[in-house]
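S.K.: Residue strings, one per chain:
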Amino acid sequence: MRADAGRVLPIKRVLIAILIVAWTAGCAGIPARSPAIPEPLQVADGVYMFQGAKGEVDSENLGRTGNTGFIVGESGVVAIDTGTSRQHGDDLLAAIARVTDKPVRLALITHTRQEFLFGAGAFRAQGIPVSMHRRAANLMAARCENCLKTLRRQLGETIMRGTAMFKPDIEFETSHTIDLIGRPLEVLYFGHSSGPGDIAVLDRRSGVLFAGGLVDHQRIPDVQDSDRPAWLAALGALARLPLTAIVPGHGPAGPASLVDSVRRYLADLERHIAGLLQAGVPLSAVADASALPAFSHWDRYDNIHLRNASIVYLQLERESMFK
Amino acid sequence: MNALVKVYLVCIVLMTGALAQAEPRKVSPAETAAIETSEIWAKIKAQLFGQRKIEPNADSLIEFDVPVRAEDAAIVPVSLRTRMVATPERFVSKLYLIIDKNPSPISAVFSFTPESGRADIETRVRIEEYTPIRAIAELNTGELYMAAHFIKASGGCSAPAGKDAEAALANLGKMRLRVDREVRFNEPNLAQLMVSHPNTSGLSMDQVSRLYAPAYYVRSVAVSYGGKPVLSADVDFSISENPHFRFYFLPQAPGELKAEVLDTRDKSFVTRLAVGERSASAATDAR
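Line by line, the protein sequences are chains X and R. Quick note on my numbering: the first sequence kicks off at 2 and runs consecutively. Quick note on my numbering: the second sequence kicks off at 179 and runs consecutively.
So here's chain R without its partners, still in its complex pose:
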């Protein structure tokens, strides 16, 4: 394929992903090139997927939403929605979130099941510097699709005053599951999980003490409903302090939504939420 056509196609793919946004995302040729020719990505691709073919984001299978320019690089919302009718024969089984220039680029791997109802996830990540950011959807059939953006964010003056990290440590492991609306059976319902955790990378220096806060972060999340897995996630310190996940589950009858979190010191935290016939519409505290 002619190089120009290639660039053009990538642009189209990127623009399609951005249609949902109020302002059209402008992708400069340099950003397109950064996405296309990233050496880090070439390595990760080989490591995760070997020789397998990754299709561009055909038919907007992934709706991948990141801010064009993040005002706070420590908490950048990332939303991945899959726009495919899931059947037991063909569904999105995994979503990979890759942030090329982060110290640990493979930022999250989310696994879904038919009990998820929808392979959608929203979380918040740290962005170290201007970087390509990618979402790869893996189907149970083995097909792979990728959507990518270029994101402008970097620390600078946005470094926090530090009190939040202390508060996060004081509340370590407190968790909350939330289902905002009345639960409807046999359709996907939105849930939120928030974990109080500093999720430190071990890479940021306190400018006063000249010390590095040790790496200490959540490494896995497992959510089940009625004993069946709904969502599991392998994550690391690319996820922002106080990790937060919005996801779906597909309840067929009253049951228990349960979340289990494991961190790098092998501490395990569990929270449960009873989902009943008449679940309250208000947030239910499951601490």
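Chain X on its own, in the form it takes in the complex:
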């Protein structure tokens, strides 16, 4: 088909037409039809996010279910998270280039989940170093070959073409300041919290926080890799920061109070499951008994919440048995 079209229309004209369509869609604020051309939302001056799709990974949303973003400083750009696939990473870089002609100097990965990781190849191909916490990198090495295999099966080779496992160019252990783009960025690490090696990124100038795995918005947080007491402590630390806005790992950006909704979910979940365990409810009945109506409108309630319920049940059970 494409070859035919190329023969009928001069390629130059087709390209110009595509550019015009993309440009007008962007200017008019019309969401582009294809998720392959994401348009960033401006959160603050020089701070942008791309919002991921709701729901489970499928070929319609191309598996692009996580938020990503970037911060533009005087002398360059830092990208935060890299997307689901090589193509996703390429698309993000193209979208960043439409906003600014400053060079992308670094890509930071906030946590080890497939929708934040596998676009890294696109950044590395352009010589942009990819940085993540050592423990996040270790978890990726231990697990993500399987994630990638599963993702390939779910999405197909076309969507996942060129996507590969990688080793980050920079691994770090502690909180630090990034002074690369004429705009100081704080990398915040709270120990093993929502996951091992999960970080948040604070833009001091705007007060916007990219919260990665620590905060989701209108979406069930995933407790699978978490240390819940440490996660709650980290959320407490975030609540004390002078934030103007939070870009969560999933869901729309929101005010600093997003931290509280995650705290409320984690507390309610733990209280509810402890009650089930106390009442002698077996694991097989936990899914049916796990309802938390206050959160039923959150994205992924039907699956991540059920899994959370069973994970917390097993953890509390083990604690009660082998204290």
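These aren't lab readings, by the way, just hints derived from the structure by calculation. Check before you lean on any hint, since a few could be wrong.
Calculated lysine-lysine pairs in the DSBU-like style (CA-CA distance at most 35 Å, straight line) [said to hold, decoys possible]:
no., chain 1, residue 1, chain 2, residue 2
1, X, Lys150, R, Lys330
2, R, Lys352, R, Lys330
3, X, Lys150, R, Lys221
4, R, Lys330, X, Lys168
5, R, Lys231, R, Lys221
6, R, Lys330, X, Lys55
7, X, Lys150, R, Lys204
Since the structure of chain X is already known, use the hints to place chain R on it.
M.R.: Here is chain R on its own, set in the frame of chain X:
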């Protein structure tokens, strides 16, 4: 029998087993076919039961509950309840749990006695890939009944971060018996047994070290009350890490509930729980 009628009957059998669930289990024709025509099952059937006839799950004798789709394939709860009034003349003496596509499909064989009170068991299993899963009840009279489901579960991103296995090894062999409610004599009472054990299959590779954790798992469990067997189980690595069993026992007087576990390195672990006139309603630690 006409093939269509056969498929229809299997569907009915499967649907009946699923009635207890909130959402009706939808069984696709492909899943029904997988259950019906499994070559692995044909071999196991011949090996375990020879030419003996296996009846479909008549009158819902077995209530077999597995999740339609398991969120964590490493810990899938499986519940087998038998819905038959047990008499000394006719009772369920064995329950077989078969997971066709697991590396070792015969996952557990549970034996019961009249002292069990109820031939019910709940445990947690690993599921390697989409597979038929079967429960076969054997009566002391020799009758056999089967209920089957198709379960969708596979590893993928749910692989654990690994710290749990280390914790399980550190606590190796710690056991706990629990009776939650006040014990009532002359009726079946629910008990739980949990064993801290990595229960490794020897088949899962550490992606970083490229090494396989050696196979090391619990192979038998024997529970008695007042010296009489209540439950015994031949199990293997299809059972999840930290093996867990919920079962019944029928106490007639105060006595001792005792569990003995043997693993593949011939290590034996024992725990006891005194069941008295006034057993505490709280969990009793019997470590």
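S.K.: Now look at each hint and say whether the structure bears it out.
M.R.: Hint check:
Proposed proximity of lysine 150 of chain X and lysine 330 of chain R is supported: the alpha carbons are some 17 Å apart, at most 35 Å. Restraint check: the Cα-Cα separation between lysine 352 of chain R and lysine 330 of chain R comes to about 32 Å, which is no more than 35 Å; the hinted pair holds. Our distance criterion of 35 Å between C-alpha atoms is met by lysine 150 of chain X and lysine 221 of chain R, whose separation comes to about 31 Å. The suggested pairing of lysine 330 of chain R with lysine 168 of chain X holds, with an alpha-carbon distance near 32 Å, which does not exceed 35 Å.
For the suggested pair lysine 231 of chain R and lysine 221 of chain R, the alpha carbons sit about 14 Å apart, so the restraint of at most 35 Å is met. As the CA atoms of lysine 330 of chain R and lysine 55 of chain X are separated by approximately 23 Å, the hinted pair is consistent with the 35 Å bound. Proposed proximity of lysine 150 of chain X and lysine 204 of chain R is supported: the alpha carbons are some 27 Å apart, at most 35 Å.
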